[in-house]
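Trainee: Residue strings, one per chain:
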Amino acid sequence: MATFLSREVCPTIKNILLLDSEGKRVAVKYYSNDWPTNSAKLAFEKSVFTKTQKTNARTEEIAMLENNIIVYRFVQDLHFFVTGGDDENELILATVLHGFFDAVTLILRNNVEQREALENLDLILLCLDEIVDGGMILETDGSIIAGKAATNSNMDDGASLSEQTISQALATAREHLTRSLLS
Amino acid sequence: MAQPLVKKDDDRDDEEYSPFLGIEKGAVLQEARVFNDPQLDARRCSQVITKLLYLLNQGETFTKIEATEVFFSVTKLFQSRDIGLRRMVYLMIKELSPSADEVIIVTSSLMKDMNSRTDMYRANAIRVLCRITDGTLLTQIERYLKQAIVDKNPVVASAALVSGIHLLQTNPEIVKRWSNEVQEAVQSRAALVQFHALALLHQIRQNDRLAVSKLVTSLTKGTVRSPLAQCLLIRYTSQVIRESGVNTQTGDRPFYDYLEGCLRHKAEMVIFEAARAITVLSGVTTRELTPAITVLQLFLSSSKPVLRFAAVRTLNKVAMTHPMAVTNCNIDMESLISDQNRSIATLAITTLLKTGNESSVDRLMKQITNFMSDIADEFKIVVVDAIRSLCLKFPLKYRSLMNFLSNILREEGGFEYKKAIVDSIVILIRDIPDAKESGLLHLCEFIEDCEFTYLSTQILHFLGNEGPKTSDPSKYIRYIYNRVILENATVRASAVSTLAKFGAMIDSLKPRIFILLRRCLFDNDDEVRDRATLYLNTLGGDGSVVETDKDVKEFLFGSLDIPLTNMETSLKNYIQNPSEEPFDINSVPKEVKSQPLVEKKAPGKKPTGLGAPPTGPTSTADTYERILSSIPEFTSFGKLFKSSAPVELTEAETEYAVNVVKHIFDRHVVFQYNCTNTIPEQLLENVFVIVDASEAEEFSEVGSKPLKSLPYDTPGQTFVAFEKPEGVPAVGKFSNMLRFTVKEVDTSTGEAEDDGVEDEYQLEDFEVVAADYMVKVGVSNFRNAWESMGPDFERIDEYGLGPRESLAEAVSTVINLLGMQPCEGTEVVPSNSRSHSCLLSGLYIGNMKVLVRLSFGIDASKEVAMKLAVRSEDENVSDTIHDIVASG
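Line by line, the protein sequences give chains L and B.
So in numbering that gives the first Met the number 0, the last one in the first sequence is 182, and the numbering has no gaps at all.
So in numbering that gives the first Met the number 0, the last one in the second sequence is 887, and the numbering has no gaps at all.
Here chain B stands alone, though its shape is the one from the complex (with noise of 0.2 Å):
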């Protein structure tokens, strides 16, 4: 093996001369010495210097003492009048950026050449002296600054727009007084000139709305040459644009009309500069969008990957906000799935799975098959992401997504990709009823080989849960107790549980499971045999006394209702003081600790994979529903029907920021009151809310949670508790006060002030509205469940919603009016279209199951008229549905 390895050796230094080749820090170090030759020689000291940055760009460091004997040296080769050695030096000082003290001895050596008559030497030695220079010295070359940058050369004054644009971090003061020269700056022929005057002319002014806006009035009607240039001024405006909201009266947005007019400049830059900056306009419209993605849709096809990579990304943003917009590019797109970039295939396939409608899947399946073998693992994990929101919007098509999702699972892949795979699977069996058996399956073939723990775990226990549920349970038990006889001790362990959850739920099953479980009393592993006998012995396998069913289901699929957090810090507690005693989980606080504000995670379907307990269908409901059973008076309540999205009650950046959520059970009402103190000096105690509700007649107060403590920046939460009739969707408004005792806090030692002010704040109002009552829950086949609930309690009306903006704003107002689940992709209007159906589903409280047809038309005025059909189990909530539109 030495011997070609050696040969090796020789074939390269033969090819691969380097000038540096076995260059030495020591040996450079030495030849330095050169720079303190009284007769330079200016071409050999250009060598050194070229080594010392050699070595430095490789990555070697100079310790203090070298890089200040270094530093020295070099300032001798100011005596050299040999330009290029000048540059050299240049570029080293910059390089060791020397300390204060190191700095005055070039000083007047930079000084010197920033007043030369060689325009290179007073470009490059601005900005070394401004790199290197710190606020006293600034002062003194002020001067020679504010000249340079309204040098008729360009390369010097760019130098010295640049180091403003440096120094105005450091030294803002300074650099502001500078405006005048800089204005004119901007005037300046030089393309780039203009740039970098453009660049710090803002970045002076960027805290002066008024100004900005002036500067961008200004010279979106002038003519700005540089592209680059150009390109700032598009970000500067949309960050105008952004800040002044669109014209109420005219429906216009101001400058508008510039960015539409970048779209035709002659540079490409600058034209995609304005595209994006249309496609990211806060509620842009598709007129507004359309020149943009035409644009785009025509760099799709260039032939340089660069621009063909800007278009597509560009576009796969705006498809998630307006797929509709984005499918006149779709056959582009599929042209680019074999792009030899795959950054770029990879962009458009993601985009054509956002834009895709239910006929296409098929087809895109297969296009996507062949593509997915040869790409990595970040990509795969994108595509696979895609794939599970198509599936969730056309539940239909689950069987080919699923067939695609399995494929894939068994094929090569790294720990990430797999669990993501595994992710989307537990969705897709969450949200689609139909999709269960097989998906289940599918995860059941995963696990018989399977190489991470952790994924084998998490499936065996989700198994556990859902499995006992499908028609035939029994079939999964093969595949379980292969785990037991195959796996590691880890994996060993989750099976022997999911095993005795099988035997909890089903009877039938129970002495089989009683059969495998007691071979599982021999395994090897501690966990393995301790978990066997806990479960034979609960489950009554033993002979033994049988614990009643309720508390065995209760042990075995029950969640700790304690904060993890908490259990910890208790166990600490109780490792670090010893005592006889047993722990006693009891003594563990329930009481949740300033619990993080969730409902700032995105709302929605947020995918929450395996991680989080399956039983609710979103992890927010699961943390509101835990913090409300860990309240003694409140667990009479019942089951928590639905949580509303949090309601703000303060404006933005006020001292205390308050929100509520609102609980709704099915007697009573919980108003959740999240509660931020802003004010550092600050800390409330005995916070809670009075809340009239005299303009809520079926509603009285039963009780309430005050907060004792709320310090600064720490959200708690107080709660007031409604009674109200049973089952009936009563609504009201609420005013509120916020009453709490304010105390003083010394910010420097945290600590309070004994005394304390008794204090009230005034909150906004708020309602329970019909659609607090109403949970969204989608149908997977809209039609069959529509014939299936037959025209019993059909209601239908049709109402006039007046003059809209669009068909799309009509639409998704009426769904958020109603707070139910839009079906089968309905909720998105395509662009231009002069009518629309919807298809709606929901679970009315009482458990009442609700599908809503709604028929949209928009005529040439924007007159907005709308069909609405309910469908329910009782006819009251028809007529509810019906109400809520009629008063919305």
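Pulled out of the complex, with its shape left as it was, chain L reads as follows (with noise of 0.2 Å):
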């Protein structure tokens, strides 16, 4: 990603980060040459992990940290990160945390844990390349990326995630988006 510094003007993610309640990885995707080696990206989530610890994020928080917002958002064992520059629009990355979170959601169909996370890594992976590509925004939309990665998923069953239950999801999450309006 040579391109990253010619296109400032552009809103830019630096990184997607899923980490456990340890602060180990799940899933996590690099946009940006800041980190270039694993032991800095590792660095990183760790130094990201521990100042962001001990927040209460059940709706999303924010930091700053070594010229980077964070938004963030907490939820069982599972930490989710959106990392832009310095001079980013918060609330552009707060959008794109909120995309990710929503279709994880959805994937996980409200099991939002760990365990459930791992055992349908590949869909979210899925989702993270339908978030971003290269650090431009790709869709924001939580329901259209759960739905892009998840029609593709074949499963034999074929009763995991079908229109069936994608409407369902739909359903739960207007439900929780009127939950957080009210709240």
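Hints are computed from structural coordinates only; laboratory data are not their basis.
Treat the hints with care, as some may be off.
To be verified - Covered by chain B, per the in silico footprint, the following chain L stretches (three or more residues, Cβ under 8 Å):
{"id": "1", "stretch": "33-41"}
{"id": "2", "stretch": "97-103"}
{"id": "3", "stretch": "118-124"}
{"id": "4", "stretch": "128-139"}
Claimed, not checked - List time: in silico DSS-like cross-link candidates among lysine-lysine, alpha-carbon distance up to 30 Å:
{"id": "5", "chain 1": "L", "residue 1": "LYS28", "chain 2": "B", "residue 2": "LYS145"}
{"id": "6", "chain 1": "L", "residue 1": "LYS45", "chain 2": "B", "residue 2": "LYS418"}
{"id": "7", "chain 1": "B", "residue 1": "LYS468", "chain 2": "B", "residue 2": "LYS848"}
{"id": "8", "chain 1": "L", "residue 1": "LYS23", "chain 2": "B", "residue 2": "LYS24"}
{"id": "9", "chain 1": "L", "residue 1": "LYS23", "chain 2": "B", "residue 2": "LYS303"}
{"id": "10", "chain 1": "B", "residue 1": "LYS303", "chain 2": "L", "residue 2": "LYS53"}
{"id": "11", "chain 1": "B", "residue 1": "LYS396", "chain 2": "B", "residue 2": "LYS316"}
{"id": "12", "chain 1": "B", "residue 1": "LYS866", "chain 2": "B", "residue 2": "LYS775"}
{"id": "13", "chain 1": "B", "residue 1": "LYS63", "chain 2": "L", "residue 2": "LYS28"}
{"id": "14", "chain 1": "L", "residue 1": "LYS40", "chain 2": "B", "residue 2": "LYS303"}
{"id": "15", "chain 1": "L", "residue 1": "LYS53", "chain 2": "B", "residue 2": "LYS316"}
{"id": "16", "chain 1": "L", "residue 1": "LYS40", "chain 2": "B", "residue 2": "LYS63"}
{"id": "17", "chain 1": "L", "residue 1": "LYS50", "chain 2": "B", "residue 2": "LYS365"}
{"id": "18", "chain 1": "L", "residue 1": "LYS45", "chain 2": "B", "residue 2": "LYS24"}
{"id": "19", "chain 1": "L", "residue 1": "LYS28", "chain 2": "B", "residue 2": "LYS93"}
{"id": "20", "chain 1": "B", "residue 1": "LYS24", "chain 2": "L", "residue 2": "LYS40"}
{"id": "21", "chain 1": "L", "residue 1": "LYS23", "chain 2": "B", "residue 2": "LYS396"}
{"id": "22", "chain 1": "B", "residue 1": "LYS145", "chain 2": "B", "residue 2": "LYS175"}
{"id": "23", "chain 1": "B", "residue 1": "LYS353", "chain 2": "L", "residue 2": "LYS50"}
{"id": "24", "chain 1": "L", "residue 1": "LYS50", "chain 2": "B", "residue 2": "LYS316"}
We put the beta carbon where it would ideally sit given N, CA and C, even for glycine.
Hints in hand, dock the two standalone chains.
Mentor: Shown next, in the form of structure tokens:
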């Protein structure tokens, strides 16, 4: 991604992280060259995790770290993070996090926890692939992202996430939304 | 101990079952052989790919051979018609990023998918192919990509557009041919397609200002549906605004209305983007700022932390340049001090510290004290910095602020944090004379229990310079000598030096200092003993011949007048070529080589902290002094009174960049021409400036110092000195011509030709004005200073300043004209106020203190009137100030 710097006018995502309750990777995706080696990436994840660990991020929270803006949200033993540059519009980052979070919630059928996530790791990786491409935001609507990741998956039992369940899932999502609006 | 550990592991196995438990690369690579089975089991293959991706995601790496092997077997999976498996194959190929010769293997399969009837295949195949492809292949698939851009399926169109954005970096000429299709896609009904198309279109045209301006003009009128696209458009609009500037006739800014309209958009993302864009407009006026501040203020009380953070962060930045504009938000801001999110709280605090007025300081400090204990060091440093600038703004409040700093200095904290506090105290001591004694005592108490050697030694050094000048120097001795008893060798050695400084400055303390120094002769460290011996000797404590007082002080307090880099090179040379002769410090060249342009640093009060020698007001002045004193011709001029800010004598981006710094001495002025050669093919030699001073009658040229050589991109200086009547603020205009010998340089070898051509280059004129004879010197209590100066040489007059853009603009013009230091934060004009008073202080040439009171008033037609009252130690000086204003 040598293209990174020349595009600064465009909203850019530097990475998306899904970590477990101990700060270990469930699934991560880096789009920028800011962390060239795996150890640099791990160090970043560690500092992000320690910095945010104490907060109770049941809704979207935000922090600054090493000239990056990080928006995050925790559910049970899963920690969601989206990182952008210092100059990025915070609300755009939050939208991406929102999309990622919703998509994962739909895919895991509301069972948002580490074990479930690992069992559906293929779908989560597909999700990440559909949200951001090389730093460019591809899609931010959680249900569309989940739809894209899931329609492609061919589950043998056929019932895992068929059209039927998708619409159910959408209903749950809508319910979610209403609840968050009311609260 | 071992028992519970094992048990815990067992527990964890039960609790945290993972499908990837005990996964191992070698085994998974073995498993990957199923890809080669004639009868593909799609589900099993998917699982294996997931495992491979899991390994890569955990940071595992494949060797080249392993990667190639996996890649080849994965390509076999294109035979399967299973959609899910195909998606995993795409992912895997992207992760493996195959080499060019491997890419060929999958190209045909991917091209087939690109033309598939399944949208999902098309979109993904495009993204994969564009990711791994190179230029030659791209021409083959270009046709399909152009089609895909206008595909009716938004996912396919987006995939093609985003790929285009990536490809533009590597193959711009190809992607630029797609403009028509991209333009069509901008009109798409699908929100994200519009966003991606707009991003690509702008990037294709970004170097063509006119085209970008046209794009913005047409789109700001139309309807852009997607919020993300709207944000992009706001960014592009700000770019266009930046490049076009304000319409001088109407005073209106093009597109401002569009930005303001976006503040009423339904998406918060867009509202915020627009508000942010307005706040960073260059030279933004209060009228333009107000609507943006209003929406940000609403965000401050949002229930969403992200929104609060975004708003407070933006307001924090606005507060740096327009503190008055943000004061309306102070109440909302104060409630954020207790915000759960510490980042928000810190930003709120620092904003308040910037916008706060004198009366709110005490209340703020109380709130901050509670807050300091539960934030991280990095935030604390931000707060400390903000408190320092607040203290400089309101010197009368130094007591409570200094107390706050000393309190937090005693608490736990890391090195960086402690250093920030100490630096702040040092700066306050330096800039606020009243704060000196209490500040020094705080520092003394701190070194009593300081774990950082670096800070202890720096404080001891500072104490040695400042302590003897206080009313009761003896009280510091105990603190210093305690260091000699209790600390490590480094601190002991610097404590010895500090003791010696006290001894040298204060005769009454000398005998006691000698006693202490003699005790140090028995120290178990060489350096400490050596220093003690040396100082006893120089100060005459061992009964030997005492050197003259001046020499001693020079020795103890003088700074090394040799550039340290030169010293280092000379010493290295000396070690490399061993000789019998001792090293001679006079052999070190004093000439400063290619002095970095220090004046490029932010002007004004940049915190210099302990690192800089505590004599000069700023480090820049110090550097100038050092440069000038290294030139023998100028050493007779005496003490440097003032150096001006650099004045540019060339347009930006010309062949040679030259600016001038005016150095004012009592009877001389020296012009320092900073020259930069921006042509790589040229070497300039014997560079000097011919100055025509026919319009500056009181000046006569007394000498100059040409620059021997000026290579490409290495700044150099040449000087011209003038004599002028003593103590008189002579003014005049100077025209300049740069003369030099040009030599061609072969850029490949870097060698210059032997023969050069003489050439000259016209520079712009500049003037020496009355403000050049004024040094900014603040006073901590203006009223006291004003009263004690007395009305003997007071001069009062009134002036009409004509129509002005705003009151603030008029105030800052007069301040700049006089070149004086605004006191007590009076340079800030509250928005919408119709009158304003401003207090200035300064030191005029001949070391004359000058105080100025300005009262401004503005009427409905923006006519500004000003009353100017001057008090100084000499009536001529008071009159001169009026002359400056009258002629300005």
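Trainee: Find the hints from earlier in the document that the structure breaks and name them by number, from lowest to highest.
Mentor: Numbers 2 and 21 - these are the hints that the structure violates, sorted from lowest upward.
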